[in-house]
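Every position in the sequence shown, counted from 1, becomes a number in the working numbering once 64 is added.
Bear in mind the hints are in silico, worked out from the structure with no lab data behind them.
Using N, Cα and C, we set each Cβ at its ideal position, and we do this for glycine too.
Possibly wrong hints are sitting among the right ones.
To be verified - Under the rule of at most 16 angstroms between Cα atoms (straight-line distance), these lysine to aspartate or glutamate pairs were calculated in the EDC-like manner:
1. K157 with E142
2. K93 with E179
3. K209 with D134
4. K209 with D84
5. K194 with D84
6. K194 with E89
As the list claims (entries may be wrong) - For each label pair, taking beta carbons as the anchor points, the in silico distance ranges come out as:
7. R148 with D105: 17 to 23 angstroms
8. E121 with R148: 20 to 26 angstroms
9. D126 with G154: 35 to 41 angstroms
10. A82 with E113: 27 to 33 angstroms
11. T156 with A82: 34 to 40 angstroms
12. V155 with D193: 29 to 35 angstroms
13. G95 with H68: 24 to 30 angstroms
14. D131 with G154: 37 to 43 angstroms
15. T156 with D92: 17 to 23 angstroms
16. H68 with K93: 17 to 23 angstroms
17. V146 with L67: 15 to 21 angstroms
18. E107 with E142: 20 to 26 angstroms
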Amino acid sequence: MSLHKIPVSVLVVIYTPALDVLLLERADKAGFWQSVTGSKDTEDEALAETAIREVAEETGIDALQYDLQDWGLTNIYEIYPVWRHRYAPGVTKNTEHVFGLCVSPDVAIRLAPREHLQYVWLPWQEAADKCFSASNAEAILQLPKLIEV
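With the sequences and hints as input, model every part of the structure.
Next comes the structure, spelled out in structure tokens:
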């Protein structure tokens, strides 16, 4: 594994058939709510593998038991200055690939305490409003359109 984070990540919007969305509160930034997110561990790790690994690490959910969907959305954004030290010198942008994961409403959630303080299920519009990340909020707002396909 590299000393620096790879500036390629996944965002996984976890939701129920009723369109309730799971949000996690970051441990390193209280009040910052988000979907599951994380960077590739290696350059050759497939994006779906990254998504499956991050979902398991952050929520305890086995994404292989559900229908993980690559939504075909990509966001390129400026890495927040507070987190740039994790990346190689000069790296300021990250490319994020968006996935969706529909789970049963009674799925058990097991947080990684070093990463997240608490979780909440919210109707999709409320979840979008609560996200600190604009790209995360936008992905959640696309949810009703993306699952009609």
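Going through the hints against the structure:
1. Restraint check for K157 and E142: satisfied, since their Cα atoms lie roughly 5 angstroms apart, inside the 16 angstroms limit.
2. Simply put, K93 and E179 have alpha-carbon atoms about 10 angstroms apart, close enough for the 16 angstroms limit, and the pair holds.
3. Straight-line distance between C-alpha atoms of K209 and D134 comes to about 14 angstroms, which keeps the hinted pair within the 16 angstroms bound.
4. Proposed proximity of K209 and D84 is supported: the alpha carbons are some 15 angstroms apart, at most 16 angstroms.
5. Proximity of K194 to D84 is assessed by CA-CA distance (about 13 angstroms); at most 16 angstroms being required, the pair is judged to hold.
6. Taken as a hint, the K194 and E89 pair is honoured in the structure, with Cα atoms around 10 angstroms apart against an allowance of 16 angstroms.
7. About 19 angstroms separates the C-beta atoms of R148 and D105, a value consistent with the hinted range of 17 to 23 angstroms.
8. Take E121 and R148: their Cβ atoms lie about 22 angstroms apart, and the range 20 to 26 angstroms holds.
9. Against the hinted window of 35 to 41 angstroms, the Cβ-Cβ separation of D126 and G154 comes to about 37 angstroms, which satisfies the hint.
10. Judged by the Cβ atoms, the range 27 to 33 angstroms given for A82 and E113 holds: they are separated by roughly 29 angstroms.
11. The given range of 34 to 40 angstroms is respected by T156 and A82, whose C-beta atoms sit roughly 39 angstroms from each other.
12. Between V155 and D193, the C-beta spacing of about 30 angstroms keeps the proposed range 29 to 35 angstroms intact.
13. The hint said 24 to 30 angstroms for the Cβ distance between G95 and H68, and at roughly 27 angstroms that hint holds.
14. One distance hint, 37 to 43 angstroms for the beta-carbon pair D131 and G154, holds here, with the actual separation near 39 angstroms.
15. Distance hint check for T156 and D92: the Cβ-Cβ separation is about 19 angstroms, which falls inside the suggested range of 17 to 23 angstroms.
16. At about 20 angstroms, the beta-carbon gap between H68 and K93 stays in the expected band of 17 to 23 angstroms.
17. For the pair V146 and L67, the supplied restraint of 15 to 21 angstroms holds, since their beta-carbon distance comes to about 19 angstroms.
18. About 22 angstroms separates the C-beta atoms of E107 and E142, a value consistent with the hinted range of 20 to 26 angstroms.
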